[in-house]
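Protein sequences, first through last, are from chains E and V.
Sequential numbering of the first sequence, starting at 21, is according to the working numbering.
Sequential numbering of the second sequence, starting at 174, is according to the working numbering.
Worth flagging that the hints you see were computed from the coordinates, not collected in a lab.
Among the hints, erroneous ones may be present.
Simulated restraints, written as ranges between beta carbons of each label pair [said to hold, decoys possible]: (1) V/S185 - E/G60: 22 to 32 angstroms; (2) V/S243 - E/V94: 27 to 37 angstroms; (3) E/N30 - V/G189: 29 to 39 angstroms.
Each residue gets a CB set at the ideal place from its N, CA and C atoms; glycine is no exception.
The lines below spell out each chain.
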Amino acid sequence: GAGVSQSPSNKVTEKGKDVELRCDPISGHTALYWYRQSLGQGLEFLIYFQGNSAPDKSGLPSDRFSAERTGGSVSTLTIQRTQQEDSAVYLCASSQRGFGTSGETSTDTQYFGPGTRLTVL
Amino acid sequence: AQSVTQLDSHVSVSEGTPVLLRCNYSSSYSPSLFWYVQHPNKGLQLLLKYTSAATLVKGINGFEAEFKKSETSFHLTKPSAHMSDAAEYFCVVSPFYNQGGKLIFGQGTELSVKP
């Protein structure tokens, strides 16, 4: 079946502009995660959705970053007033159950999309 | 706090020789552990996953990893390297309890395979 998809694949923007990154999870997956991969920081967790709610936003680096998920499916990560340090590859992942659902005894496998490469000039 | 340390940033092997990528973890609880691989300009792909069912975990493409609680290690091995194994490998811990299932990544090990 179809995997996790992300759009756009590449985004170049000017400092100070807002950007929106989109993630389409695997159909039926209830949990959705955003991560960021940058040269200096490696791979970092940003935010986790269970359905439409976000029980863990602890990785968002500043209040310029926000995310939402609607209909338990598509998610959008928005970065306002972009800075050069925001340049990175933004990865989305989804998993079938997520955390806190009944019966799980270990972290569910997360399936990753190809990422959006963001360049802030 | 939970963390994972990959002991080598770069490993180089010859085709046909064994591969060893080392990983140590720190976790207050019984963790879930993963190895992911990332080929150039490709997404992250799951190689294998440890969830306490068995300490020796077999993954795709002939890779396996052994969970050693006493050593807090989860090293990745393969008996014979193939050119197509050249990629970046990430050891990942998910503390599971009280952490929302998020993944904590090591810094990655770049594997080069020489002909």
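Review point. Which of the stated hints cannot be reconciled with the structure, identified by number in ascending sequence?
Key: Result: hint 2 breaks, nothing else.
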